[in-house]
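> Each chain sits in its own coordinate frame; assemble them with the hints.
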Amino acid sequence: MNDTNTALVDAETVTMLRETGAFAEVMDLMTRSMSGGLDLLEHGIATQNREQVRRVAHRLCGAANQVGALRLGRAWREVEDGAFDLSIDELGSGHDRLCDLWTQTRRVLEVAA
Amino acid sequence: MTFPVHASPNRRERYPHGHVLIVEDEASILVMLKAAIQRAGRIVECVARGDQALDRITAGGIDVVLLDLGLPDTAGIEVLKRSRRDAPDTEVIVVTGTHDLAVAVQALRQGAYDYLTKPVNLSKVGGVVDRCVEARTTRRTTRLSTCVHKIASISELDDLPGCITTSAVAVAGASAASLFLVDQDGGLKVIETQGPTSGQALGRAKQVVVSRRWHRWWMPSESPPIVAWPMQVEGRIIGVLVVEREPGQPTFEPGAIERLGIVAAAGALAADRLIKVGALQKDVNRLSRSR
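Sequence order for the protein chains is R and S.
For the first sequence, my numbering assigns the number 1 to the initial residue and increments by one for each residue that follows.
For the second sequence, my numbering assigns the number 114 to the initial residue and increments by one for each residue that follows.
Same shape as in the complex, but just chain S (with noise of 0.2 Å):
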C-alpha cells in the first residue's frame, strides 16, 4: 500500500501555535488578553460582536474561542450554542464577572470547556488556553484511535463500508461519507453510503481514479465542500471514500483531511485482510469437500 506524501505533512508546520479568538467588547480588556495569549505563543484573532464571532467561528480554523459572556449585540450564551452546534470540534472558555457565576454553570452545561473571572489573571490566561488545545487535540487523537481500532476489528467484510463511511463522518467533521468500489474496468460502484450527500461524490471519486492521486488536497472557496481519498492496497486503488460538508459550512481543514486519510488507509488495509480471508476460506471449503 502507498500513502500519499502529503497525507501526514509536519503537523507543527500547519498548526504552530493554535489559533484563538477573543470574543470581548471592552477594547482595552480585548488588547490585555491579546497580548497575554500571544505571549503563550498563540495565534490571536480578535472580534467584539457575537455576530462577527459567529461567522468568524463558521469559517473555520479556529481552536479556541474566549467568549465574553456579556456582549452587547448577542447573548453570550447564545454564541456558545451556535459555535457548539456549528463548530463543535471548537473548544470555547466562557468569560463572566464574579457576579454571573450562574451564567457560567449555564455555560458549563452548553458545553464550554472552562470559565474565567473578570478580571482575568493575565499570568495563568495562557495555562487555561494550553490545557484547552491540549485537551482538544486528545479528544481528536482518542476519536481517530478508536475509529481505526474499529476499523481493524471487523471480521465480516459486509460490515466493513459501514464502519469506514461512520469513521469518516466522525474524524473529520462531515456531514456525510460516500464509499466507492473500483471494479476491474476502472468503473465506480457506491457501496455505502452516510449522510445527505450533494451528488457530486461520484464525479469527484472519478477524478480520484483518473488521476491516481487524493482529490483535492485545498480547496478554500469550493461550496459544497467535498475531499476525496483513495483506497489503495499494493499501489493500486480499490475504492475511494470521499466526505462532504453541507453548502455553506467551512471547508476541511487539513487536520481533518489527514485524519480522513488515516481511516482511509485502514479501511484498505481491512480490507486487503478480509478479502484475502475470503479467499483462503474459499480454499480451504474447496480442498474439504475434494477430500
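Isolated chain R (complex conformation) (with noise of 0.2 Å):
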C-alpha cells in the first residue's frame, strides 16, 4: 500500500476549488469526514465488520478524490477494494497509512486555502 509516485495533492482540483469560494467550508466538512471515516474504519476492522469497511472506504475515496487529494483517495481505494480480501493486519496497516496520508494531506491543503 505504498504509492509515493502519486502526488499528494492536484495543484489543478485545488485552484478550481478555491475558485467557488467554499474552499474554507469544504476543508471543515472534510476533517470532519476524515476524523469520523477513520474512526468508523478502525471500528470496522476491530469487529471484523468488513461491509463497514468497504462503505466507509467507497465514501471517504469520493472525499478524497473530489478535493484533489490524489494519494489519500488511491489509499482509500485499496482499502474499499481490499475489504473483503485483505487480512485484518493489512486492513489495519492501510488504517495507519491512512491516518498519515490525511495528516499530510491536510497541512498542504490549508497552506493552499
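One or more of the hints may lead you astray.
To be verified - Covered stretches of chain R, going by a simulated chain S footprint (3 or more residues, C-beta under 8 Å):
no., region
1, 8-17
2, 29-37
3, 47-60
4, 64-70
No wet-lab data here; the hints were simulated from the structure.
Ideal placement from N, C-alpha and C gives every residue a C-beta, glycine not left out.
Spelled out as C-alpha cells, the structure:
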C-alpha cells in the first residue's frame, strides 16, 4: 500500500475549488468526515465488519478525490477494493497509512486554502 | 377573445435560474457541488438521503436533480426510477464512481438525462446542468407546440374535445382533464373526460363561470391539485377546461398552468372557427336546396 508516484494533491483541482469560494467550508467538512471516517474504519476492522470497512472507504475515497487529494483517495480505494480480501492486519496497516496520509494532505490543503 | 393577464407573466421572473436538487451523502462533496452550481447561476437545494430526495422531488418545483447513485439508505437507481415515475418533468443527472459505469448505463436506460463521474469536474458541472435545463425547456415547448398545432388542425367539431383534453393532460402533467361546455343559460355540461377525475371538476368549472375568470391561479396546499381555465371567445366564456392530479401529488406549478391556458386558448379559437364553419356550411346547404 505504498504509492509515492501519485501526487499528494492535484493543484488544478485545488485551484478550481478555491474559485468556488467554498474552500474553507469544504476543508472544515472534510476534516470532520475524515476524522469520523477513520474512527469508523478502525471500528469496522476491530469488529471485522468488512461491509462497514467497504462502505466508509467508498465514501471517503470519493471525498478525497473530489478535493484533489489523490494519494489519499488512492489509499482509500485500496482499502475499499480489499475490504473483503485483505487480512485484518493488512487492513489495520491501511488504516495507519490513511492516518499519516490525511495528516500530510491536510497540511498541504490548509496552506493552499 | 380575451386572455387573462396572469396567463403569461414574465417567465424569467418566475424561473430566474432553474432549480437544482443535489442528492449526496458526503457533506464535503455536497458543498463543492453546491458552490459550483450556484456559481453557474442556479438555485440549489441539498439532501443527503434517497427518501428525502423523493419527498422533495414529488413536492414539485425541481427542474434538475444531481443524484449520487451510491446513497447509503436507498439505491440511487431506485430513486431515479421513482423520480421518473412520479415527476417525469424533472430531469436527473446521475453521479457515479469511474468503476461503476455499468450502473451509469443502467441509469441512462432508466431515463437519466446524463451522468457525471467522480471526482466531478467542478468547472464543467455548471455547463452540464445548463444543457439539461435547456433540453427540458425545449422538450416542453415542443410538446406544447405539437398540441396547439394538432388542435388548430382539427377539421371536425366532434374531434375537438378529445384533442383538447388529451393535450391538457400532456402539457400540464395532469392525471385527468375534463372539458365543460357552457350553454345559453350559463349551465355546464361535461362533454369530454380523460383519466380518473375526483368529482370536483364541475364545482370548479362553475366557479369559473360565476367569477368569469380562471380559478385557481395558485393553491399550494390543495389536494387533489386542480386547476380550471375558461375558454373564451370575444370575451364570452364558451367552455371550461379543468385538469387534476391525484391526491398527494404536487400542485400545478405556474409553468404548467401557463401551458394549460395556452391549450384552452387554442381550443377556444378552434371551436369558434369550427362553429363558424358549421354555420356557414348550413347556409350553403340551405341555399343550394332553395335553388
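> Now tell me, hint by hint, if it's right for this structure.
These are the hints, each one checked on the structure:
{"no.": "1", "hint": "8-17", "in the structure": "holds (count 3)"}
{"no.": "2", "hint": "29-37", "in the structure": "holds (count 4)"}
{"no.": "3", "hint": "47-60", "in the structure": "holds (count 4)"}
{"no.": "4", "hint": "64-70", "in the structure": "holds (count 4)"}
In the structure shown, no violation is registered for any of the earlier numbered hints.
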